[in-house]
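K.L.:
If you want the building blocks of each chain, they are given just below.
2 protein chains.
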Amino acid sequence: MRLQQELKLKQPLASVNHEALLSLVRTSSLMQKLSDRFFSQFGLTDVQFNILMILKEHGSEGLSQQELSEHLIVTKSNVVGLIDRLERGDYVKRVSHPSDRRFNQIVLTPKGQKLEAKVEKSYFKEVDKMMNVLSPSEKRSVVKAMESIRQYIIDNGA
Amino acid sequence: MRLQQELKLKQPLASVNHEALLSLVRTSSLMQKLSDRFFSQFGLTDVQFNILMILKEHGSEGLSQQELSEHLIVTKSNVVGLIDRLERGDYVKRVSHPSDRRFNQIVLTPKGQKLEAKVEKSYFKEVDKMMNVLSPSEKRSVVKAMESIRQYIIDNGA
DNA sequence: TAGAGATAGTTTATATATAAACTATCGTTC
DNA sequence: GAACGATAGTTTATATATAAACTATCTCTA
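Read top to bottom, the protein sequences are chains U and E.
The first sequence lines up with residues 0 to 157 when you count with numbering that gives the first Met the number 0.
The second sequence lines up with residues 0 to 157 when you count with numbering that gives the first Met the number 0.
What the hints contain is simulated information worked out from the structure, not anything from laboratory work.
Hints are supplied without guarantee of correctness; some may be wrong.
The list that follows gives simulated cross-link-like pairs (lysine-lysine, BS3-like), each with its CA atoms no further than 25 Å apart [said to hold, decoys possible]:
hint	chain 1	residue 1	chain 2	residue 2
1	E	Lys143	U	Lys124
2	U	Lys143	E	Lys128
3	E	Lys110	E	Lys138
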């Protein structure tokens, strides 16, 4: 559908720049909703699955909450609740760092490992289904454009 | 920066599809943060400004909370709190529909109109600055790619 | 070695978001 | 006209997110 109709605008968008921006914002918002629905099948949220994937990559050493907050680009105060909830579900645990008691090493439990492996398979299938609506050159173009935008944001102090 | 480094991945991304998806997700997340910082200058959030813009377009008739929830693609229960907070700041008000008391017509107050007009000017300048990192053909390509993705999501029941 | 500063994590207050259960109002149908 | 069903908005419980103030721990330096 055309963006103007989707946004229920009375007038066409005046600027191509605004149209491109709203395209991105609207699309990522809808992707978020699709993602929510997908992960809720497994009793997870997208953020929770992301954490499980990150922790899987870091094995038995895990990551500190500070490191996790940098991976997720969220504040450390947010990570507290995220780990609380994952710990409540017995998917991860906090382990005290042996030589520096300020750190929690967050590691997957066996239950967390099993769930991650199971969800990951379905996840990559869904990703392929969605992204294959784009041609290879479109994908390259999107990746390049997104990189330019991120560079702008980083240069402007994010 | 390369996505792999930004995401602090130990291994390169296996699939181009996943890379394209994470490009989008990461970029919109950073855009959200830039947006937060921009609007906080004016004591607003991005969602609040979006509501003010939508209401401006609908003048003295305003929109019901149900209609607003459709514009914003959020649930009506979310809209309750959004309007509560904007009403607390005297930016909008709830007006009972004259012939159907189930409806609230949400309209801008004079204070809300003034703020919207002021913020809008800066907003469009920022949008131009950011999106002009893309060439005209890149913008067209992004708009087209995003439309394809949204079509996929709509077809898959969102 | 005592104190100062840095770092990791937590708490609190607030904003955004959902789903589900609820109230109030309106329309339709019998 | 009373009952039923649909619609609009609210409330509650929960998840994600921030900023700011806090505690605990560690490190460095005077």
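K.L.:
Would you mind marking each hint as holding or not holding in the structure?
P.N.:
The hints, checked one at a time:
Among the hinted pairs, E:Lys143 with U:Lys124 is consistent with the structure: their alpha-carbon atoms are about 23 Å apart, no more than 25 Å. For the suggested pair U:Lys143 and E:Lys128, the alpha carbons sit about 18 Å apart, so the restraint of at most 25 Å is met. Our distance criterion of 25 Å between C-alpha atoms is broken by E:Lys110 and E:Lys138, whose separation comes to about 35 Å.
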